[in-house]
Amino acid sequence: MTTYIGFLRGINVGGKNKIKMAELKKMLVTMGFVGAETYLQTGNILFHSDDTAEVLRKRIELKISEQFGVSPTVVLRTAEQMEKIIADCPYAAESLTEGQTIQVSVLTEKPDQQIAEILSHGKSEIDEFQLQGYEIYFLFRQSVLDSKLATNLQKLGDRVTTRNWNTMTKLSEMAKAMP
Numbered sequence: 001m002t003t004y005i006g007f008l009r010g011i012n013v014g015g016k017n018k019i020k021m022a023e024l025k026k027m028l029v030t031m032g033f034v035g036a037e038t039y040l041q042t043g044n045i046l047f048h049s050d051d052t053a054e055v056l057r058k059r060i061e062l063k064i065s066e067q068f069g070v071s072p073t074v075v076l077r078t079a080e081q082m083e084k085i086i087a088d089c090p091y092a093a094e095s096l097t098e099g100q101t102i103q104v105s106v107l108t109e110k111p112d113q114q115i116a117e118i119l120s121h122g123k124s125e126i127d128e129f130q131l132q133g134y135e136i137y138f139l140f141r142q143s144v145l146d147s148k149l150a151t152n153l154q155k156l157g158d159r160v161t162t163r164n165w166n167t168m169t170k171l172s173e174m175a176k177a178m179p
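Per the working numbering, the sequence shown starts with residue 1, numbered consecutively.
Rather than coming from a laboratory, the hints here were simulated on the basis of the structure. Some hints could be false.
Below, simulated DSBU-like cross-link-like pairs (lysine-lysine); rule was C-alpha separation at most 35 Å, straight line [to be verified]: (1) K63 with K20; (2) K84 with K148; (3) K58 with K26; (4) K18 with K155.
Go ahead and model the full structure; you've got the sequences and the hints to work with.
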């Protein structure tokens, strides 16, 4: 069986599209996913399955829509892909100073030139990004809340969701520890 990490986009943000993680976990178990877990309230899931990511993504999105009445995008990565995402980070997490953060956006499809152009409008000496495969790595040297680059992320639509570095590394650790 393959270990998957799932990222749900647009749930439990600003009081909208609320899904309780205990109910989400129960849903995953009833769908037959082995070892289903959730992490934090922002829609991070872990489970084992023999199905492909594309089949799983569609099944999970449909079931969430039916059961909870919301339609989040689900982005899936295998445990091995998560290890690679962590290893390939172009920014040194251990050398961040106070106020600096690394964020990683995971996409449902490989980013095209249009994504690079949209993000380039927010790039500055303070904030930067790098596209690698199906991920976008961000380095924010000041508050992400004041970042023009972070604001441009919303222009990418529903094919992308973003997590901070601590969440990404914790999910990778959780996936490794799953029986």
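Outcome of the hint check:
1. For the proposed pair K63 and K20, the alpha carbon gap of about 15 Å is at most 35 Å, so the pair holds.
2. Pair hint K84 plus K148 holds up; C-alpha atoms about 28 Å apart against a cutoff of 35 Å.
3. At roughly 18 Å between alpha-carbon atoms, K58 and K26 fall within 35 Å of each other, so this suggested pair holds.
4. Between the alpha carbons of K18 and K155 the distance comes to roughly 22 Å, so the proposed pair stays at or under 35 Å and holds.
Hint compliance for this structure: every hint is met.
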